[in-house]
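In numbering that gives the first Met the number 0, the protein residues as written are 0 to 258.
The hints are simulated quantities; they were obtained by calculation from the structure and are not laboratory data. Among the clues, some could well be false.
As the list claims (entries may be wrong) - In silico DSBU-like links for lysine-lysine, alpha-carbon gap of 35 Å or less: (1) K133 <-> K57; (2) K87 <-> K57; (3) K133 <-> K201; (4) K33 <-> K109; (5) K33 <-> K89; (6) K89 <-> K57; (7) K42 <-> K89; (8) K33 <-> K87; (9) K87 <-> K133; (10) K42 <-> K201; (11) K109 <-> K57; (12) K89 <-> K201; (13) K201 <-> K33.
As the list claims (entries may be wrong) - Quick list of simulated restraints, FRET-style, between CB atoms: (14) E211 <-> T47: 36 to 44 Å; (15) C203 <-> R228: 22 to 30 Å; (16) T221 <-> E75: 53 to 61 Å; (17) D25 <-> T61: 38 to 46 Å; (18) C219 <-> G70: 32 to 40 Å; (19) E211 <-> G74: 44 to 52 Å; (20) D130 <-> A167: 17 to 25 Å; (21) G205 <-> G59: 24 to 32 Å; (22) C219 <-> R76: 27 to 35 Å; (23) D202 <-> D231: 48 to 56 Å; (24) G106 <-> C203: 35 to 43 Å; (25) H131 <-> A46: 42 to 50 Å; (26) K53 <-> D229: 50 to 58 Å.
Yeah, the Cβ is synthetic: ideal placement off N, Cα and C, and Gly gets one too.
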Amino acid sequence: MSDPAVEPESNDEADPSAPKSLATTDPEWLTFEKDVKDLLASKDPNATVEHNVKRVGKSGRTRQIDTLVTGEVCGERVEIGVEAKRYKGKVGLGVVDAFVGKCLDTGVDKGVLYSHRGFDEGAVARAAIADHPKVVLRELPEATDADHLEDLLPPWSDFVEEFLGVEACTVGECYGEIWVRDDLGWSGGVCDSCGTAAGYCKDCGGWSSLLEDVQPCDNCDTGAFEVDRDHDTQEATDVRWVSMVAWDHADLMNSKRLT
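With these hints in hand, go ahead and build the complete structure from the sequences.
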């Protein structure tokens, strides 16, 4: 039976003897991570559930996994990488892209991404095409009617048309790919391995690796990009193209995003 696009999760079955998060001393995002870890530990006492795991990936970079679940299925060792995001709003495509890349880099067999506020359409669609390893989205603690959510999403064929193609990441020895799209405010993509943002220029049709929050197009003098990043992880959550004709370069470089 296949996983729904977003699976509601309940902690009704949690073991009351499981360790509790230090909600009075930890920040909310860390409390959420620990709640997810405790929930997973309570569901399978035979599994090894570790919080805040560091592992060197195939890329040679040290990657951090919020929770790593290790168990056995038919005598074979299986690893599940889990991340928990407690944002004020829904988790977006950029975060899912980065998580897919982390799963590929660390070699886990499956990825599960928890969100306190749910996922936007781009995030759900991106997870749907992650097959090796499979990535599942789950919402906690507020239940989500997965069937109703799927009814609200556009047909998958419509979403595919929003992708402009796949570009190879040009950062160092990175082997990842960047799904370039122009929709829902996005004008670019994020490498599925190293997490580097890329911008698609609507003027020249070229694309640029975006290492700064505000950056001119690498291929022309008429386009530029703004990048929003997660405050804690610095992962790109949005890439926007802007016209240098409509917005003077000096104004762009001194925008509030650089203050």
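To see whether the hints hold, each was checked on the structure:
no.: 1; hint: K133 <-> K57; verdict: 18 Å, holds
no.: 2; hint: K87 <-> K57; verdict: 32 Å, holds
no.: 3; hint: K133 <-> K201; verdict: 32 Å, holds
no.: 4; hint: K33 <-> K109; verdict: 20 Å, holds
no.: 5; hint: K33 <-> K89; verdict: 20 Å, holds
no.: 6; hint: K89 <-> K57; verdict: 30 Å, holds
no.: 7; hint: K42 <-> K89; verdict: 26 Å, holds
no.: 8; hint: K33 <-> K87; verdict: 18 Å, holds
no.: 9; hint: K87 <-> K133; verdict: 26 Å, holds
no.: 10; hint: K42 <-> K201; verdict: 48 Å, violated
no.: 11; hint: K109 <-> K57; verdict: 16 Å, holds
no.: 12; hint: K89 <-> K201; verdict: 27 Å, holds
no.: 13; hint: K201 <-> K33; verdict: 43 Å, violated
no.: 14; hint: E211 <-> T47: 36 to 44 Å; verdict: 40 Å, holds
no.: 15; hint: C203 <-> R228: 22 to 30 Å; verdict: 25 Å, holds
no.: 16; hint: T221 <-> E75: 53 to 61 Å; verdict: 54 Å, holds
no.: 17; hint: D25 <-> T61: 38 to 46 Å; verdict: 23 Å, violated
no.: 18; hint: C219 <-> G70: 32 to 40 Å; verdict: 52 Å, violated
no.: 19; hint: E211 <-> G74: 44 to 52 Å; verdict: 49 Å, holds
no.: 20; hint: D130 <-> A167: 17 to 25 Å; verdict: 19 Å, holds
no.: 21; hint: G205 <-> G59: 24 to 32 Å; verdict: 29 Å, holds
no.: 22; hint: C219 <-> R76: 27 to 35 Å; verdict: 50 Å, violated
no.: 23; hint: D202 <-> D231: 48 to 56 Å; verdict: 33 Å, violated
no.: 24; hint: G106 <-> C203: 35 to 43 Å; verdict: 38 Å, holds
no.: 25; hint: H131 <-> A46: 42 to 50 Å; verdict: 22 Å, violated
no.: 26; hint: K53 <-> D229: 50 to 58 Å; verdict: 19 Å, violated
Of the numbered hints listed earlier, those contradicted by the structure are 10, 13, 17, 18, 22, 23, 25, 26.
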